[in-house]
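Trainee: Given the sequences, and given the hints that come with them, work out the whole structure.
Number of protein chains: 2
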Amino acid sequence: MNNFNYSIPTEVYFGKGQIKNLAEIANLGTKVLMVYGGGSIKRNGAYDEACAVLHEAGTKYYELSGVDPNPRIDTVRMGAELCRSKDIDVVLAIGGGSTIDCSKVIAAAACYDGDPWDLVLDGSKIKAALPVVTVLTMAATGSEMNGNAVISDMGANEKLGTYSHWLKPVFSIEDPKYTYSLPAGQTAAGVADIMSHVFEQYFTTVSGGFIQARLCEAILKTCIQYGPVAIKTPKNYDARANIMWASSLALNELIGYGSGMPWTVHGMEHELSAFYDITHGVGLAILTPFWMDKVLSDETTPKFAEYGRNVWGLSDADDDMTTAKKSIECTREFFKSMGLPETLTEAGVEEKSLPVMAAKLKNTFKKTYVPLSEADVLEIYQAAL
Amino acid sequence: MNNFNYSIPTEVYFGKGQIKNLAEIANLGTKVLMVYGGGSIKRNGAYDEACAVLHEAGTKYYELSGVDPNPRIDTVRMGAELCRSKDIDVVLAIGGGSTIDCSKVIAAAACYDGDPWDLVLDGSKIKAALPVVTVLTMAATGSEMNGNAVISDMGANEKLGTYSHWLKPVFSIEDPKYTYSLPAGQTAAGVADIMSHVFEQYFTTVSGGFIQARLCEAILKTCIQYGPVAIKTPKNYDARANIMWASSLALNELIGYGSGMPWTVHGMEHELSAFYDITHGVGLAILTPFWMDKVLSDETTPKFAEYGRNVWGLSDADDDMTTAKKSIECTREFFKSMGLPETLTEAGVEEKSLPVMAAKLKNTFKKTYVPLSEADVLEIYQAAL
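Quick note, the sequences are listed as chains S and V, same order.
The opening position of the first sequence corresponds to residue 1 in the UniProt record's numbering, with each subsequent residue numbered one higher.
The opening position of the second sequence corresponds to residue 1 in the UniProt record's numbering, with each subsequent residue numbered one higher.
None of these hints come from the bench; they were simulated from the model.
Please note: incorrect hints may appear among the correct ones.
[Claimed, not checked] Derived lysine-lysine pairs resembling PhoX-like cross-links, with alpha carbons at most 25 Å apart: (1) V/K294 <-> S/K367; (2) S/K20 <-> S/K60; (3) V/K303 <-> V/K352; (4) S/K127 <-> V/K20; (5) V/K325 <-> V/K336; (6) S/K42 <-> S/K20; (7) S/K16 <-> V/K367; (8) S/K232 <-> S/K16; (9) V/K294 <-> V/K366.
Mentor: Below is the structure:
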């Protein structure tokens, strides 16, 4: 097990009616920038309830709406400008990962003199940020409890992740009921995203991370148990609650502490989103089984067999290689069962882009679970086409 | 799943050589009260290394040594007095749960005008505390990451737990190497304590806590995997690291959020310790299987069967009741295999005390996993004799 520094300062108010605790925002300041995407937060009740609490708490709030999935650097620039011109104290994100990511970088950009894209390229340039508070309405990215943010510059076909301790929300409201109205496709994509976060930390060459591996399996089993339930019965509270809490625990750093290493599939997916603006979780669900096919080898077989037995309950009677292959098939079938597309073609990706995307990643995966060359990446993309 | 508020503010520096980060204590003040027990921290290197870092950091430190296992309220009174007379800024605990618990209540008592025992009887009276920092040298109680403290008044045969958010350490140093020199008996007792913390949260009637149950199982499997390894090869780093991290995660609130309820076996054990001053983990290891025997019923069988299959890998082929009974036998055999005593008699407890202890608990377990009357408690004690 590697050394690590545990620091998860975000407080979470989890459960039904927890929006009342949004009143705590008044401790952070009186002028709030409320950031959100489209109209979904008006349909699921989060917007009205948040406004009522903010009003009651005596805060003054400004709105920045229209944050896109795969949030744009242009929106960040606009938000940072608003923070400065209105003398904002707190940034409040109401939405899913895109809105929260965008809000985080707005909060940092408001305290930075240069162009916000600098902070996306290099998180260490973030030396301060306005406090961020979130009201989560989609379970997927874990952004509600971590210091990560992914921002796109669509003009340049760039989608990049940044990180800073400064970006960790002060507190987050997680009410599973806000996710009742999510369409099945978004629920499925969210579950795939959560599982992918776990895979990126579960498949590691760091030895001795036994407890971390078991924690990963706990989250994966939760997704497998409740993903289909939430799709079939969208208002099943326990399903929504388990998935929402899984999303936070999958990426609040906990399961990676001591055994984490650089990620793979997320990097490959970011290229897809940057070129085609497809839903992040969809891209991950498509690529993951093909990545697994590619990295399965004599060396990695024991880990995949462990995955198959501990997560999918595959029989001890089979040998490791058989179990490993079955575990990949289970993964593929699970994503398919949730209605997610299986190929890049279905998601609108064209063959001609594959070499361009692979080329951009030629030096990215040198220290990953299984290092991948540009040719390896292209092979995975092509297999997934 | 129930609502919950997640708040785990303690930072942890985990791993080899992390004592260097003790220098951060200088951010909290310049006058430190260093609290510890007997000579073990001088043998395991923690004392010398901590002193060197404190010296280098320019802090001035006073020492309060001799904290007993089952720490005494008298020691707390002495420590609080020292804090006031020396104008202490920070309390630094170096040791295991007893030392940390004692230090926490000292830190609170230093900011309280009345007698410290008030704060043990009622944690809500704690309205402030000096910052607490810990250097952990035994994996067991989880005190390094939570707001709990258990203090005894041996004269009155009282051993009581208190809780306050104010008691949560600001940061903790967890270097598994400091546990290399623990005797086998203490290692085993620590593992039993960790497992008992998990059992108290795993066996719950709150429905829908799927992810919590899986997290519990992750920690239990870690204890089962590495407890025997640490006993056999005390300097196995990964064994010590997994057990140490398990101790923190078992009782930093995480696994109980959303599904926790009042505890049972700890309450029963506190009476043993209060009357006989036996090692907490030993008392828990003795009582746990007998408590399991007692609460196993048609109603609880599915949960015990789940425990047997998911934690002990028992076959799906057996029916629930068979699996449930086997799971209890596995638990009993596991504690025995680590060299822990199986009966209260072995631990020096006399039959004549049992009714007195049971009587003290007559109203304690009315809302537990399975409610227990005074007669039920006595029956468990007698079975364990």
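Trainee: Taken at face value, is the distance from the CA of S/K16 to the CA of S/K232 at most 25 Å?
Mentor: holds (21 Å)
Trainee: Starting from S/K16, check that the Cα of V/K367 is at most 25 Å away, please.
Mentor: Holds, at roughly 23 Å.
Trainee: Check whether the Cα positions of S/K127 and V/K20 lie no farther apart than 25 Å.
Mentor: Roughly 24 Å separates the two Cα atoms, so the pair holds.
Trainee: Is it true that the CA of V/K325 sits at most 25 Å from the CA of V/K336?
Mentor: Satisfied, since the Cα-Cα distance of roughly 17 Å is no more than 25 Å.
Trainee: For the pair we were handed, V/K303 and V/K352, check the Cα-Cα distance against 25 Å.
Mentor: violated (34 Å)
Trainee: V/K294 and S/K367: Cα distance at most 25 Å?
Mentor: violated (53 Å)
Trainee: If you draw a straight line from the CA of S/K20 to the CA of S/K60, is it 25 Å or shorter?
Mentor: Within the cut-off at roughly 17 Å; holds.
Trainee: Has the given pair, S/K42 with S/K20, been kept, meaning a C-alpha gap of at most 25 Å?
Mentor: holds (17 Å)
Trainee: Keeping to a limit of 25 Å between CA atoms, is the pair of V/K294 and V/K366 held or broken?
Mentor: The given pair, whose Cα atoms are some 15 Å apart, holds under the 25 Å limit.
This entry does not satisfy hints 1, 3, going by the numbered hints stated previously.
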